[in-house]
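In case you want the letters, here they are:
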Amino acid sequence: GIQVEQSPPDLILQEGANSTLRCNFSDSVNNLQWFHQNPWGQLINLFYIPSGTKQNGRLSATTVATERYSLLYISSSQTTDSGVYFCAGDSSNTGKLIFGQGTTLQVKP
Amino acid sequence: DTAVSQTPKYLVTQMGNDKSIKCEQNLGHDTMYWYKQDSKKFLKIMFSYNNKELIINETVPNRFSPKSPDKAHLNLHINSLELGDSAVYFCASSQVLAGGHGETQYFGPGTRLLVL
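Protein sequence lines, in the order shown, are assigned to chains A and B.
Per the working numbering, the first sequence starts with residue 1, numbered consecutively.
Per the working numbering, the second sequence starts with residue 1, numbered consecutively.
Just so you know, not all the hints are guaranteed correct.
Heads up, simulated DSS-like pairs for lysine-lysine below, C-alpha to C-alpha not over 27 Å straight-line [said to hold, decoys possible]: (1) A/LYS108 <-> B/LYS40; (2) A/LYS96 <-> B/LYS36; (3) B/LYS41 <-> A/LYS96; (4) B/LYS67 <-> A/LYS96; (5) B/LYS19 <-> A/LYS96; (6) B/LYS19 <-> B/LYS67; (7) A/LYS96 <-> B/LYS44.
Distance windows between CB atoms, simulated [stated by the list, open to error]: (8) A/ASP27 <-> B/LEU54: 22 to 28 Å; (9) B/ASP18 <-> A/LYS54: 41 to 47 Å; (10) A/SER26 <-> B/ASP18: 37 to 43 Å; (11) B/PRO8 <-> A/SER7: 31 to 37 Å; (12) B/GLN14 <-> A/ALA65: 46 to 52 Å; (13) A/THR80 <-> B/SER5: 21 to 27 Å; (14) B/GLY16 <-> A/ALA17: 46 to 52 Å; (15) A/GLY52 <-> B/GLN14: 49 to 55 Å; (16) A/LYS108 <-> B/ASN17: 39 to 45 Å; (17) A/GLY16 <-> B/GLN14: 47 to 53 Å.
In short, the hints are calculated from the structure, not lab data.
For glycine and all other residues, C-beta sits at the position ideal for the given N, C-alpha and C.
Between the sequences and the hints, there should be enough to build the whole structure, so can you do that?
Put into structure tokens, the structure is as follows:
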């Protein structure tokens, strides 16, 4: 099966800073999602982005499918952005999402 | 209105017991999933059902048995619970398009299972 690698594993930011999270895939995927798991454990959809660029407020994501990576940009970070960010992909056309190990983000006031 | 709901949210039980976790989605999706998140936050798929038919069955002990009475529900029954079953179990749903391409998966709030 595919391998999903996220970097960095941990990130500490001061409120207001920008950051870029990266997700690399070992094989091509046709379903790629970014999630935020908040401190209460809830998994929140951020983007469904198998290719191209999307923006939602302070967050944007870009997937370069031919090079098998995706980036999540967080601008003007806030303390509420803290939590774990996961990317996940499906290479089998079955909906079987393979998750990366996550990036744990802490935003300090 | 909750899109994907799970009950119970917390489950504390003794080793050897049998327990069930229920999942319901009101999104009209045709595919539902169970994922397990371990203590290191790693998420792994366990099962998926499409229109009540088992599609994905990962290497999961046969003490775990999913049941889908209709396409809006996917329950997880666990027999003879073991300490290592302690984890957070997430249910999810999505619409699978023609050709098998899946769309966004929406996750429930999770069920925190602790086996003593």
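Outcome of the hint check:
1. Using a Cα cut-off of 27 Å, the hinted pair A/LYS108 and B/LYS40 holds, with the two alpha carbons roughly 23 Å apart.
2. Of the supplied pair hints, the one linking A/LYS96 and B/LYS36 holds, its CA atoms being roughly 13 Å apart against a limit of 27 Å.
3. Proposed proximity of B/LYS41 and A/LYS96 is supported: the alpha carbons are some 18 Å apart, at most 27 Å.
4. For the hint pairing B/LYS67 with A/LYS96, the CA-to-CA distance comes to about 18 Å; that is within 27 Å, so the pair holds.
5. A hinted pair counts as satisfied when its Cα atoms are at most 27 Å apart, and B/LYS19 with A/LYS96 qualifies at roughly 25 Å.
6. At roughly 13 Å between alpha-carbon atoms, B/LYS19 and B/LYS67 fall within 27 Å of each other, so this suggested pair holds.
7. A distance of roughly 9 Å separates the Cα atoms of A/LYS96 and B/LYS44; the hinted pair therefore holds under the 27 Å criterion.
8. Between A/ASP27 and B/LEU54 the C-beta distance comes to about 24 Å, which sits within the given range of 22 to 28 Å.
9. For the hinted restraint 41 to 47 Å between B/ASP18 and A/LYS54, the CB-CB distance of approximately 44 Å keeps it satisfied.
10. Checked against the given bound of 37 to 43 Å, the beta carbons of A/SER26 and B/ASP18, roughly 38 Å apart, stay inside it.
11. The beta-carbon spacing between B/PRO8 and A/SER7, approximately 36 Å, falls within the hinted interval of 31 to 37 Å.
12. Here the CB-CB span from B/GLN14 to A/ALA65 is close to 48 Å, well matched to the stated 46 to 52 Å.
13. Here the CB-CB span from A/THR80 to B/SER5 is close to 24 Å, well matched to the stated 21 to 27 Å.
14. The hint said 46 to 52 Å for the Cβ distance between B/GLY16 and A/ALA17, and at roughly 50 Å that hint holds.
15. The beta-carbon spacing between A/GLY52 and B/GLN14, approximately 50 Å, falls within the hinted interval of 49 to 55 Å.
16. The hinted range of 39 to 45 Å is satisfied by A/LYS108 and B/ASN17, whose Cβ atoms lie roughly 43 Å apart.
17. The given range of 47 to 53 Å is respected by A/GLY16 and B/GLN14, whose C-beta atoms sit roughly 49 Å from each other.
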